[in-house]
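Chemist: Given next are the chains, with one letter for each unit.
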Amino acid sequence: MDSEFAGEVGPDLGDGPVVRLRDAYPQEKRKSTMDELLRLLRKNALESPENLAKMLDTTVEDVKNKMAEYEKTGVIRGYQAIVNEDQLDLELVRAVIEVKITPEREGGFDRIAQRVAKFPEVESLFLMSGGYDLLIFVAGSGLKEVASFVSEKLATIEGIISTSTHFNLKAYKDQGVLMEMKIEDERLKVTP
Amino acid sequence: MPRSGIRDFFEIVSTRKDIISLSIGEPDFVTPWHIREAAIFALENGATAYTENLGLLKLRQALADYVDRSYGISYDPATEILVTVGVSEALDLALRAVVEPGDEVLYHEPCYVSYSPVVTFTGGTPVAVTTLRDDDFRLYSDLLEEKITDKTKVLLLNFPTNPTGAVLLREDAEGIAKLARERDLLVIADEIYSELTYDTERVSIGSLPGMKERTIFLNGMSKAWAMTGFRIGFACAPPELTEAMMKIHQYTMMCAPILSQKAAIEALETGGPDVSRMKEEYRRRRNFICSSFEEMGLPCHVPKGAFYVFPYIGRYGMSSKDFSLRLIEEQRVACVPGSAFGPSGEGFIRCSYATSMDEIKEAMSRMAAFVKRL
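Protein chains in written order, with numbering that gives the first Met the number 0: chain A, 0 to 191; chain B, 0 to 373.
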């Protein structure tokens with residue numbers, strides 16, 4: 000149901016007119032709800048536009064338009080579920096690889112980094128400061144697959160000097176979401 | 000003295016497992032880590048002794064800065080500030096210090112459960128002033144004038160109000176201040192929820208002209224910084240009043256816990272962003288709840304303070320208690336019946352939004368189902 004807070008009076012319940020939320024603060028302009036909207040979507044991308052509109056005190060149209068704009072301009076590049084793979088019976092193996100490369104005269108690290116990024120095994124790739132240059136997050140269906148990715152596909156790229164591979168053992172937290180079971184609300188149920 | 004009306008309700012609710020509680024009067028946030036860490040650090044360094052009765056000087060200085068910055072009232076940390084074990088103790092001290100048997104204390108209903116009992120404990124007479132739904136539960140001088148007698152000594156204010164979420168508007172404050180000056184009343188202002196003021200100016204009666212000398216300003220760390228269990232409150236008042244309260248405090252409590260005081264210093268000095276963050280979250284939940292109530296046809300004004308909504312349920316022909324009990328039975332959602340907050344709370348329920356958005360969403364959909372079938 001679209002909630003249109005258009006300033007009309009609600010149904011007459013015999014208790015006097017119901018004041019719409021918007022009318023309670025006529026001066027309050029809806030200043031940048033942009034950042035708030037993004038923050039809410041990052042917490043839960045499946046939140047319905049109706050609920051988002053309620054939380055942000057705006058209209059459903061407004062929310063949908065903003066989301067469409069973000070998608071169009073590339074600010075939002077996708078909506079993905081955060082899965083705790085430890086709970087699934089997968090043979091999935093994750094690793095983090097530190098890579099040292101020689102920067103090229105034209106393009107610096109870009110050419111090599113973009114080439115590596117294209118591999119489907121590579122989930123994330125970052126250029127880093129410090130003791131190595133690229134940090135790669137990979138996932139494979141087994142130890143062997145990750146190992147062969149490193150030795151056959153990665154190490155053979157011209158410009159790559161050395162690699163150091165570390166395997167994930169257990170996920171505790173991913174993208175801001177705890178993987179452990181929820182903590183109980185221990186407060187007293189009723190307090191004055 | 001009867002037990003708190005909430006207590007019986009609590010006993011019913013706590014026996015059930017699957018209830019979503021909108022009856023909680025404390026934040027659902029854990030105290031921000033850096034504040035907890037300050038307490039841990041103090042403990043590691045062996046901070047385990049008594050402090051001065053008035054409280055650590057460093058804390059009183061931080062409080063003086065805070066009150067000046069946020070409320071526009073300037074108190075001397077050496078003689079005008081007392082650190083207490085929660086605002087609850089500060090309220091008790093303030094009343095015991097000024098009320099004598101036979102004095103009348105005016106307070107506004109619906110209100111927090113402690114006010115009337117504590118006044119009675121001092122031997123004074125609590126006199127309730129009813130605030131009205133049509134006024135969004137504002138308090139203004141006309142309402143007070145009706146109840147003032149020659150025995151009235153104290154005016155007890157609580158803004159933002161538990162349970163209505165009403166705030167003190169500037170024009171109302173000016174009228175009340177004028178009345179207090181004219182009739183020579185003392186004002187005790189419990190402003191524990193004042194950090195949680197949304198979309199409107201925060202007005203503290205003690206900041207108005209001619210009021211500081213006749214106001215005891217009460218506040219604490221519990222709601223804004225989510226430090227309920229730490230038990231830190233404070234009273235600010237002119238030196239003679241502070242001295243009087245301190246005398247009772249030193250014979251009964253001695254001092255507030257040192258670890259909590261250390262944590263409070265950290266909170267005041269660097270906890271600003273945390274308070275803002277929590278306040279934004281509360282505001283968002285308030286918006287959600289009020290919109291949901293509008294949709295399901297439960298009239299309630301949009302509260303400008305605290306974290307409670309106080310919708311009117313009288314039109315369903317049930318008492319607050321019956322409505323609340325049925326809501327628990329049929330939909331497993333717990334709200335506190337308005338009657339727990341004084342006779343003028345009858346016909347209302349108090350819904351706290353100090354709980355996660357997920358719980359609120361679920362509670363709202365269950366309540367909509369409940370209301371539909373009435």
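Possibly wrong hints are sitting among the right ones.
[Unchecked claim] Quick list of in silico lysine-lysine cross-link-like pairs, BS3-like style, CA-CA up to 27 Å:
#	chain 1	residue 1	chain 2	residue 2
1	A	Lys63	B	Lys360
2	B	Lys278	A	Lys188
3	A	Lys172	B	Lys150
4	A	Lys188	B	Lys16
5	B	Lys211	A	Lys42
6	A	Lys188	B	Lys360
[Said to hold, decoys possible] Pulled from the structure, derived: some chain B residues nowhere near chain A, Cβ distances all over 12 Å:
#	residue
7	Ile23
8	Gly174
9	Arg201
What the hints contain is simulated information worked out from the structure, not anything from laboratory work.
Computed from a prediction, not measured in an experiment: that's the story for all the values here.
Each residue gets a CB set at the ideal place from its N, CA and C atoms; glycine is no exception.
Chemist: Could you run down the list of hints and mark each one as holding or not?
Modeler: Structure-based check of each hint:
no. : hint                   : in the structure
1   : Lys63/A with Lys360/B  : holds (20 Å)
2   : Lys278/B with Lys188/A : holds (22 Å)
3   : Lys172/A with Lys150/B : violated (63 Å)
4   : Lys188/A with Lys16/B  : holds (10 Å)
5   : Lys211/B with Lys42/A  : violated (46 Å)
6   : Lys188/A with Lys360/B : holds (18 Å)
7   : Ile23                  : violated (5 Å)
8   : Gly174                 : holds (22 Å)
9   : Arg201                 : holds (15 Å)
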